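Okay, here's what each chain looks like letter by letter:
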Amino acid sequence: MSNSTLLQVIDLYVNYRVVRKFTDITSRVRSAVAGVNFTLSEGETLGVVGGSGSGKTTLLKTIVGVLKPSKGEVIYRGVNVHNAKGELKKKIMAEIGYVPQEPSQSLDPRMKISSSVTEPLRALGVGKSDRYERARYILKVVGLSEEVLELYPRDLSIGMLQRVAIARALITKPKLVLLDEPTSSLDISTQAQILNFLREMKEVFNLSYIIVTHDISVASYLSERLAVMSHGTTIEEGSVDEVLNEPLHPYTRVLIEASKLKEIEESLEEASAGCPFINLCTFKTDVCFKKPPPQIAIGMRRVKCWRYSSK
Amino acid sequence: MGITLNYVVRRIVLSIAIILGISIITYVFIYLAPGDPAYVWAGRPRGPLASEAIARARVELGLDQPIYVQFFLHVLRFFSGNWGLSIRFKQSVFSLVMRNFASTLELLLVSFAISIPIGLFLGIHSSLYRGSKIDAAINSLSIVLSNTPRFWIGLAMLLAFTSLNIPTYGRISDNFRGELVERVGLYLVDSLLQGRLDIFLDVLIRIIPPALALSLYPIGAIARVTRISLSEALQEEFVREAVSLGLPRNTVVYGYALRGLIPSLMQAIGLFFSYSLIDAMAVEYVFGREGLGNLLVKAIPASDFPLVTAALIIVAIVYVVTNTIADIVQALINPRVTM
Amino acid sequence: MDSLALSINAWRKRVTFRIGLVITIAILLAGVAGGLFPLIYGWDIGFRIVSESFQPPSLKHLFGTDDLGRDMFTRVLMGTSRALVQTTIVIVLSLFIGLFVGAITAYYKGFIEKALSYITELFLAIPSILLALVFVILFGRGALTVSLALVASWWSWYGRFAYLQARAIRDLDFIVLAKHYGLPGVYIILRHIVPNIMSPIFIQALTDAGSVVIELATINFLVGVGTTSIEEPDWGLMLGYGVRYVFNYWWIPLLPGLFIVLMALGFALIGDSIYEEMHPQLKRRWRLWF
Amino acid sequence: MVLEASIKSTDLSIGYEYDYGILWVVNSVNIVVWRNTTYCIIGESGCGKSTLGNALAGLLPTYAYTNGYLEIEGRTVVRGDETNYNGVRGRIVTRIPQDPSSALNPYATIGEQLVKVIEHHYGVRENALEKARELLKLVKLPLEVIDYYPHELSGGMKQRAAIALALAPMPKVIVADEPTSNLDAYLRGVVASLLKRVQRELNLTLVFITHDIALTSVICDYIAVMYAGTIVEEGVSSKVLHNPLHPYTQLLFKAIPKLGYRETLSTIPGSPPSPTSYPEGCRFRPRCPVGFSECYKAPKLIEVKPQHKVSCWRYA
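Protein chains in written order, with my numbering: chain P, 1 to 311; chain W, 312 to 650; chain B, 651 to 940; chain E, 941 to 1256.
Some clues are possibly wrong.
As a list, the in silico BS3-like pairs of lysine-lysine whose alpha-carbon atoms are at most 25 Å apart [unchecked claim]:
hint, chain 1, residue 1, chain 2, residue 2
1, P, K128, B, K829
2, B, K829, P, K91
3, B, K829, P, K175
4, W, K444, B, K663
5, P, K90, P, K202
6, P, K68, P, K175
7, P, K175, P, K85
8, B, K829, B, K759
9, P, K68, B, K759
10, P, K175, P, K128
11, B, K829, P, K71
12, E, K948, E, K1179
13, P, K175, P, K90
14, E, K1179, E, K1245
15, B, K829, P, K89
16, P, K260, E, K1194
17, P, K68, P, K85
18, B, K829, P, K68
19, E, K1136, P, K260
20, P, K90, B, K829
21, P, K290, E, K1080
Just so you know, these hints were derived from the structure itself, not from any lab. Bear in mind that the values here come from a model prediction, so they are computed numbers and not experimental data.
Chain P with its partners taken away, still in its complex shape (with noise of 0.2 Å):
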């Protein structure tokens, strides 16, 4: 049972449109996502990696449901997320927690910590006495005493913040959370905080993660699978082992390299038609320049890379 499909994320495509100028008469079509393909097991965390602008939070926005996909799939047990209605709709929203990136914007300044905490709660229909006591023992669980559910936001400090944003994704026991950038906004004593008690309450409701964060220490220290995610795409997916120890696409390499604190070689950054790492290469070919890689499948991992795809 425990190696049953959780969730999986199939071709996903998130197109949104810009226009550079405002004398353009025309509008491009950008992908903040493009072709985004992963499978998760039950009880197993999914550590994606990327910097700003590669599309990582839009790509958690969309598997939990706030965002449209222009192109693909994310189904959940075998429902799809994005078609599922009523009762069923309300179900995978229960079991998929969702943690935003900025615990100071993602509860309202406005409401007590009560309400802002019961809020999914109140949205499945649950009754007033029934959330609160519901309210009080998440909040023992995620380690605050139960003053904090009458207090506002601005009381609490911002890993006190994290702990309750964290608190309400897990109040209707879900099967899988995602996190946006658990630590980025924390200090590193008390991310190592946050960073252990993520652990802990995975095992203490057997949770799924999809962690996306730019710190690749952090990915590993939590998930078990690693993605590295750029340009809107997954360019290297595999078990976190496989690809820390032995990395297949060259940005995963220099990646790794920077986070062993080697100096690294810098290059200009450009992007070409083909393949946008064509600078940190050194087995480019003729193809690397035409056409973006292929997804190409070795074993339980994923690569794009031209490198591959004779093999």
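We have chain P; now place chains W, B and E onto it with these hints.
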């Protein structure tokens, strides 16, 4: 690739739609107005032939048509400048309104020529010295200025100037009235075109007091808007960056902080301009100047509805046009505009 | 709770707030007095001829007497209560309508947003005086009609303000999440959007009360449609009627105007001080980094 | 080689005006930064490192209060409560901002911004454009960027443009205030390497402020660790990184997740104190696992090993 309508085009289409909306309201207004327009059109006939004359007028005016045809005709007439005849003045409403509007516009332009530099100066300095006594003084002054009824100050000024024997009543001295050749409609320009400096001075002296009274509100309002938005802009990171690069104070304030504010300030000034129209009408009335205000005061007791609506539509159109221009300029200046 | 703390701070630190409060309280007292006059002295107190006409201001007649010999001060006080009631109606109703229309405009993206923001724009463009005339034709002359006409024009101002404020917060995570949980739009607008946008708009409305007074006075000054007869003790009307006497009996048009100034100023000073308290970047003594 | 001091501070304290007096956020800082070296200041948010950086770059607002001395390249910029950065700001010291997307002027192209700065400092109109191109080449940006507006650039490119802008007045000292937060590991490494290369090529003094401890080992010669407004440890980077002495530094280094490291992270109990309620004596005392009675007195920063100073009673 999707086709987007150009922002400028969209803005213009929107403003035309708004003017159309206003014309609908005016139509409702005239339609609801007491009295029979056909009766008025036929020249208030009496006697045995009256009903026939009214019937003829009804056909002429298209009042026998169904309501939507009438409305269509109304819109058509509206956009072709045929706004009917004034009941009180027995003249074409369009030309009457336009002539008077020129006078109001002249007053407004002079008052904004006074208030824009003063308001900007006060606002910029208030924000540069914010928290100080200068700032407190300027801020209090602008609150007082923008909360004094303009027509009341105008009245006080009229009294003061007249007791000093400075002629301020009316738009132009009666002696010159016949001598001025109207070309543009703005007397200040016309007199200069004619090369008559004496007329120009006479017109100028008469326009300054009402323009001053009228400029109180925009001075205060522009100063306040400038102060608040410049204070915010000076907090911005790129202004700090300019400071850290050792650029001189004037470059930082005018070249960096203020440059980004030009579009929003223009928009605000456009708004104040259209708001001031009603004030201008009241001030005009006080100073006995011809203009939309005096027209309105005479037209309302006479139930001259075509004239009243036309005069007010001008106000609405000025509002729409100034705002459209300000929006378009904003889009032209600001490279960040997104849709 | 927040606004109370702000007001206390404003009282402690700002002379302008104290001046504004004193003026406003004085005007309120004048309004109460003006409202009580007819109850005490009979319904015709404002119209009663008490003295010779055109008496200059004196201790007996503080603001002098008008062309018919009525006491101007009594009439001005009665005008105060009238103006206060009218201003309250205009501000409260337009604030209410504007706040909700703005919040709805921003919350429902797409067609509703476009349509409502165009409608707001349209009402912004229509001069209030035109709406006043339309309303007078529809419902007859009178103070209430003109107040409602002013509401019909004034709400659009708050509608746009609220829309801009709400647009800035509608994509914040807590609103996106609430929407995602499937909470109804009414709940989100009432619990999340309105509470987060209202305080700057409330302060704006407080500051605007002065403009409403002036606008009402201007309309009545020009066309007098806010009154049912020329006898009514309305500020704008009194001034408009008095204009003809400005050269000979200056107190008739000029003195009632003082009250308009005071009332507008009182509200504006209070609103402005609270605004300053809310924006620390305006408060700090600060001369760039030079 | 004789080391010359580029930045020298003596008992430098910086505070801000707030409702109930002055809030001192930086307390008695004594540092010496040698010329042509890279000096890192690390610490958690709210420890005063950005305020210290602003003091170095001459960006303290006028409602800030100062105490002590600060000398930059032989010019006294802070003496007691007087500050004077005239001729220092820009000419001698510039700053690389934290968030380049808000620090670049959104209304002007990159070229216009560079030319404006070069013209103001060196006044050569014809050469200014040439100089701007050289700067872009130095930071490895494509030359067509000169005609781009900031919003048309990617995050990494904006940061390079901001670095070019900071180099434009040809300063001797550069203060980089967390220039890499929000970039991924690769871009972070790229920006750090770029800064290091520029520092070497142009013989600059670089003050690098960061909370990213991993990055410091790549580029820093000296490291100062700040906690609650004071410097608790300072020294040559290899010594501080590999053999930290202060209990705070030791705990902090253990709290950072390392690549491939899966054991439970150790944490520092509690949270950093706020400037309104600094504890008496050693400010780390309430959270310190090895504190003792001496710690109720404020410790001094003393050299306990060659080129390695620490402020802790255990080494006194």
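Structure-based check of each hint:
no.	hint	verdict
1	P/K128 - B/K829	holds (20 Å)
2	B/K829 - P/K91	holds (15 Å)
3	B/K829 - P/K175	holds (21 Å)
4	W/K444 - B/K663	holds (14 Å)
5	P/K90 - P/K202	holds (23 Å)
6	P/K68 - P/K175	holds (22 Å)
7	P/K175 - P/K85	holds (19 Å)
8	B/K829 - B/K759	holds (13 Å)
9	P/K68 - B/K759	holds (15 Å)
10	P/K175 - P/K128	holds (24 Å)
11	B/K829 - P/K71	holds (23 Å)
12	E/K948 - E/K1179	holds (22 Å)
13	P/K175 - P/K90	holds (14 Å)
14	E/K1179 - E/K1245	holds (9 Å)
15	B/K829 - P/K89	holds (13 Å)
16	P/K260 - E/K1194	holds (16 Å)
17	P/K68 - P/K85	holds (14 Å)
18	B/K829 - P/K68	holds (14 Å)
19	E/K1136 - P/K260	holds (17 Å)
20	P/K90 - B/K829	holds (12 Å)
21	P/K290 - E/K1080	holds (24 Å)
Consistency note: the structure conflicts with none of the earlier hints.
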